[in-house]
Amino acid sequence: AGSGDSSQPLPLPSQARVVICGGGIVGTSVAYHLAKLGWTDIVLLEQGRLGAGTTKLCAGIVSVAKPISIECKMADYSNALYKQLEEETGVKTGYVKTGSLCLAQNQDRFISLKRLASRLKVMGISCNIVKPKDVTKLHPLVNIHDLVGALHLPADAVVSPPDVNHALAVAAAGQGVQILERTAVQQVLVEKGHVMAVETDRGSIECEYFVNCAGQWAYELGQASETKVSVPLHGCEHFYLLTKPLQEDLPADTPVVLDMDGRIYARPWQGGLLSGGFEKNPKPIFTEGRNQLEIQNMQEDWDHFEPMLSALLRRMPGLESAEIQQLVNCPESFTPDMRCLMGETPGLSGYYVLAGMNSSGLAFAGGAGKYLAEWMTYGYPTANVWPLDIKRFGNLQSSRTFLRHRVMEVMPLLYELKVPRWDFQTGRQLRTSPLYDRLDTQGARWMEKHGFERPKYFVPPGKDLLSLDQSKTFYKPDWFDIVGGEVKCCKEAVCVIDMSSFTKFELTSSGDEALDLLQHLCANDLDVPVGHIVHTGMLNQRGGYENDCSVVRLSKNSFFIISPTDQQVHCWSWIKKHMPNDPHLHLEDVSWKYTALNLIGPRATDVLAELSYVSMTPDHFPSMFCKEMSVGYANGIRVMSMTHTGEPGFMLYIPIEYALHVYNEVMSVGQKYGIRNAGYYALRSLRIEKFFAFWGQDLDTFTTPLECGREFRVKFDKDTDFVGRSALLQQRQDGVFRRFVMLVLDDHDTELDLWPWWGEPIYCNGNLAGATTSSAYSYTLERHVCLGFVSPPPGPDGLPATVTPDFINRGDYEVDVAGQRYPAKAKLYPFSSLFSQQHRRRKDDLELSNLQGE
Amino acid sequence: TSTLHSYILTPPQVNSILKANEYSFKVPEFDGKNVSSVMGFDSNQLPANAPIEDRRSAATCLQTRGMLLGVFDGHAGCACAQALSERLFYYIAVSMLPHDTLCELEAAVEAGRALSPILQWQKHPNDYFSREAQTLYFNSLRTYWQELIDLTNPGDVPDTREALMNAFKRLDNDISLEAQVGDPNAFLHYWVLRVAFSGATACVAHVDGADLYIANAGDARAVLGVQEEDGSFTAHTLSNDHCAQNEDEVARIREEHPPSERKTVIRQDRLLGLLMPFRAFGDVKFKWSIELQKRVLESGPDQLHENEHTKFIPPNYHTPPYLTAEPEITYHRLRPQDRFLVIGSDGLWETLHRQEVVRIVGEYLTGVHQQQPLTVGGYKVTLGQMQGLLEERKARVSSDFEDQNAATHLMRHAVGNNEFGTVDHERLSKMLSLPEELARMYRDDITIIISQFNPHVIGARRHEE
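Protein sequence lines, in the order shown, are assigned to chains W and G. Mapping of the first sequence onto the numbering used here: residues 1 to 854, in sequence order. Mapping of the second sequence onto the numbering used here: residues 1 to 465, in sequence order.
Since the hints were derived computationally from the structure, they do not count as laboratory data.
Short derived list, chain W residues pointing at chain G, Cβ under 10 angstroms:
no. : residue
1   : Asp303
2   : Glu306
3   : Glu320
Even for Gly, the Cβ is constructed at its ideal location relative to N, Cα and C.
For reference, chain W alone in the conformation it holds in the complex (with noise of 0.2 angstroms):
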């Protein structure tokens, strides 16, 4: 192995394919897996010494019990890797499969561990729920007096951590990757936007790659490259108890527990325990930075202990009497949204990053540095690992302040109660719309998204405003009516909607460029004639959805691209990437220039007509056109006849200076039509019982427009070879294995029932076929919608069968809200009969007959 106590370090070699920077249990994870994937030449560097970071101190625990399912195969695939770790490289790890608890002291965590139960039977996953009484036979310890239940998770394993890192250490070694202790990197060297060289105190290494895993100095390690690079993570002290060995030694195969709502975890360690916590008032650290070479043991702080101490003891009070050994202070590094970095960094090839780990490092190690390496070997991952990848953050995450104030609030939430629609409380207003005070008076209640305040609804005056805030629920929440009288007036009246957060590009060239490009990067016919709109997908290489926008073309060689707000790193990246460096080719991002107004609703064309002295009838203005036009006294507006919900409306694109006038004014005029605020919860109601999928939340990069119904959106015939056709033209001939599917659940009880969230498990004549995208309460059928994907199962031969239409329509569906499962209806169109004539067209499209091939 390259470790080792040899004082003399390692020459360093002048030139290397990759270097990962960070000899923890991550950097040692990336380099096993690229080297099992065929990589030389691999260069992994450490400052310090081997696993003397975060790694050391870690508690070393992996279970899958984590919040979205991504993570839980993660941790499912490093729990695997290290069980065969000692037989593959003969080191010791320390790997005991203990199995875990996960307890729950009230009514809502006990149905949060029902539905992560659910998902996990989904992956395969065994896991039990459990009654109190059983939690004893498991545990000798756990006081269960105060309990509802708990989950059983059996192949839950605690490790050694630094035996592991050791032990991928050796392995990668074996494998020939170069293992440098005592080597820091001082900056990456950028060439022509891709990195070029690692500068080090002991000499530079020219490199095609760069993989930063500096865990808590990723930061900083970000802001030292040629073109910085942000990733937002921020550290927290994070302790935990050591106790000496109980009188008798609690055995090595004693569950771990964790027990949320008393913010703490705990594991048999050497006939004692090992226990730590996730306390409310975290203590940020490092936040100006700091060098120094390895995370040293940090001052206990006892008194900061106290709640989780005695948290411990109302759990398990036989450990009254149980011996301190240590208080453990090891700083963990946090995210913003709780999800590690993940992926190759916006704006600057072959600079990856894998951190930010939200103190599951070794839960995530394993499977994260698989993908990662997967990554690097074929440009994509195995699975969708959008909720990880750093596109999904910009530069405007990475201030200090913000990661200081954000991490305060994500260390305590990883062990609080998630109930649906939660939003972060921290680093909000960041962006906003400049509506945003108006509609705030007005009794706006907010969200964020990619750090832009969008309303959710809007609180009619007179309402009891504190019972409001209260409505963190898993069943009917109290802004119901609320949200239901918004989408009364969409679909009777008119309302306005600002949806200013959208991503907005503009791509501008002086010849044919720009629309050469984007009938290369959509799946769509963007020839079209000037003023028109063509909804489109960005296709990568398997067919899949990198983006999911609406184009304008708004002269010869100008496009407006809209796209989903967090879309805003991710597809700037795509474009640029695919963009030929061509000074004729001009792409700008224009999100901040423009606010836009949604005007949905039957009474949309009457206020804008009045607005502009121009007729807005569809015979005038047909569906998915645009125009600049005047509005009220501002000029060079642009209205969309589209609204994203399926409902008749337009959507304005305002320059800034005139939002406030322009808002202002369709007020006004829309007094008489009966116009009124609305916000995104109406908005999803309206485009979920349409049938509308959204980027990032249905569709994702392995989704292909066959699979979700959107072959119209194809051409396949149009002259340019757009990414991805070949795989379409593949999937079309071999029929799609997963279809997208509406299901309204029957015998949903909306007053009494748990309400669907996204994630949940659908079942086919009794058989797993699937898992839910998102869902809404749709107030024109009176029922819960829920879309997801479905697949039959697999044929004789074990192989993945094709959907049938029979599949489709004649099949028994029930979607598992929390263990209980709901009879469906599965539909491939919406209820056109109760929708406006204007959408006939639609239907036509998604007949059945686009689902296989010819």
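Position chain G relative to chain W; hints supplied.
This is chain G only, laid out in the frame that chain W set:
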């Protein structure tokens, strides 16, 4: 036991007593920045005498720079301390004015124009000014600045140390003269005599940028809270107590009188066996000749004769004056680690050691309770024991943070501390519910001013200069 309990004050009652006289002042920020080296101050008073004989003052000098903070501990009544609280800062401010400003001042008075204010007072509503004496006081002050104009030359800017020295001596002299001259108004005549026959010590701080001067006469004390690198606080005393415990003072007094008085001048740790502080304003009984005392008293108003105290001549009274108001002046150049200054009457210092005072205030102001961090080390501690210990520490911290005012916080400790250095509510309650006639036996009046410094401004000042 119900009767016993009725004497125990509830925490809100305790708080209302402790907070009755609290006062806070924050130096306003200028343009979003605090440019003053003093961030502000907290002050409070707790009476033991009825009425309280301590006084306090705080003011900003408007014609010159700097802030004045003073504690005045009266004895034999409150008249002298009251007069100091109203007058001393004017004497100091005038002493510091450049010659030219003094001339402008005089010209304005002469022409009957409005005077530009000299001081901006920061006063608690209970800190009153005696209206009847204002004209008398003003005339004395004006005479003083007229003399200063004669004694100085255009362009002269006085030295702060000298200014403080002159102001103290001049005011004490004026108090003495006013009593000798008397006043046609019987009330005023009685008033000036009460001022002169009572006494008061004074401890005054003048802060301007990084320059801190302490002028002290008597046994009130000024202590600086210095934050060490490890975050803890140490006390740095900036004034000497003028009392029998101070050998230099004892030597000074013995030297000023013939050897024959060596045994009588200080007896039982008191001046002439009577007075605790060895320097004070007023107290003409220790300053005037016996003849003068008799003459003044005889011509005085009738009320005076009812007061046995004034007629009494101290024993062994041979070579007056025995007492002076001349201050001892200390200069300290503030450093960024100098975080706050505590000025307190002797009532504070006799209950708490200065190191304890500085620790309590420091921990309060930094907001972090710098309890000795707990370490397990090599000891055998069980989780249960540790939990008990932590809960007790937590309870201690939470009770300590009820106060919005550092002086109140310190007062709570001064009165209520038990042998473990923590506030014991029962003890606090008993001390505060003592009947008037008993209170003075258990404690003295307590007056506290705590001013907080701005380390950034001080650091910058030091850097510039």
